[in-house]
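J.: The letter at position 120 of the sequence shown is residue 296 when you use the numbering used here, and the numbering goes up by one with no holes.
If you're looking for bench data, these hints aren't it; they were derived computationally from the structure. Incorrect hints may have been included.
[Claimed, not checked] Taking lysine-lysine and the DSS-like style, the derived pairs with C-alpha atoms no more than 30 Å apart in a straight line are: (1) K304 / K204; (2) K204 / K411; (3) K223 / K321; (4) K336 / K253; (5) K304 / K357; (6) K223 / K233; (7) K223 / K271; (8) K321 / K336.
[Said to hold, decoys possible] Distance ranges between label pairs, derived from CB positions: (9) M300 / D344: 14 to 22 Å; (10) I393 / A227: 26 to 34 Å; (11) D226 / V331: 46 to 54 Å.
Glycine residues also receive a C-beta, built at the ideal position from the N, C-alpha and C atoms.
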Amino acid sequence: MSATRLCLLATLLALPLDAKAQGGIDLKPGDSVTVATGQGWVLAIVKARDAHVFTVKVVNGPEVTKRYPTELRRRGKPNAYDRANGIYEVDDRVKVHYEGQWIDSRILQGLGMEYQVALPGNLMAWAKTDQIRFVSEAPPKDVAKAGQPPRPGLVSCAGKIEGRYAGDGTMPMQMTFRAGKVTLALMGDTQAGECWLGDGKLYLTLIGEEGTMELDINDDGSLQGPFGELKKKGK
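Please model the complete structure; the sequences and the hints are all you need to start from.
T.: Here is the structure:
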């Protein structure tokens, strides 16, 4: 670690967070969440909760206990309760305590409950949650739009990939394709999107969300993706 960074870290004084939790945690059994594991943050389903301690079933994994907010987060955007408990997103606008005053900053990246923040002079430093005050959400991001492929050259999967596909795990993902649309279902949680073909692969976009899910098309027509192999089960 450079001397400059050590100096910057030393000047970020630990001050009490003045944010107050608004409302309850609003997470209950049956909700899908993300949890920290040795393989990173993965999808899980809440089975039980005692205050901030949750029992969850990891998708295609074991039942484990996780503590909010260090090991368990809600899916989607953080709400006011999450912000008050130190959960931020990249590019969130914040104030950071630096050299005796609160300065305007933004979140660059997170690691556990610490965040790298922007400082004057194109500098960066890591700050703990009690050194950060939330100001506003990140500016709108480039998200998937209806009828728009994620990149040029892709075509709709309509008429080429149709029907219901599912895996065989203990908590299988199911995807239903209809006329270029796709519905993803997992433990009662559903999401709607569109499907595209190109370069021998299938691409899924979820309307209003960032990113693209990429699946390989196997020789037998099954699909291979982050949830394992999905075989056609019905029309």
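J.: Hinted pair, alpha-carbon criterion (30 Å max): K223, K271. Please report holds or violated.
T.: Measuring from Cα to Cα gives roughly 36 Å; hence the hint is violated.
J.: Is the gap between the beta carbons of I393 and A227 within 26 to 34 Å?
T.: Given range 26 to 34 Å: violated, Cβ gap about 46 Å.
J.: Given the hint that K304 pairs with K357, does the C-alpha gap stay at or below 30 Å?
T.: Measuring from Cα to Cα gives roughly 43 Å; hence the hint is violated.
J.: Is the Cα-Cα distance between K223 and K233 30 Å or less?
T.: holds, 7 Å
J.: Take a quick look at whether K321 and K336 sit within 30 Å of each other, Cα to Cα.
T.: It holds: about 21 Å lies between the C-alpha atoms, which stays within 30 Å.
J.: Tell me if the straight-line CA distance from K336 to K253 falls inside 30 Å.
T.: Between K336 and K253 the Cα gap is close to 34 Å, so the pair fails against 30 Å, i.e. violated.
J.: Can you let me know if the beta-carbon spacing of D226 and V331 is within 46 to 54 Å?
T.: With Cβ atoms ~50 Å apart, the hint holds.
J.: K223 and K321: Cα distance at most 30 Å?
T.: Given that 30 Å is the threshold and the Cα spacing comes to 34 Å, the pair is violated.
J.: Holds or violated: K204 with K411, Cα cutoff 30 Å?
T.: violated, 34 Å
J.: Would the pair K304 and K204 pass a check requiring their Cα atoms to be no farther apart than 30 Å?
T.: holds, 28 Å
J.: Should the hint that M300 and D344 are 14 to 22 Å apart at their CB atoms be regarded as holding?
T.: violated, 46 Å
Of the numbered hints stated above, those contradicted by the structure are hints 2, 3, 4, 5, 7, 9 and 10, listed in ascending order.
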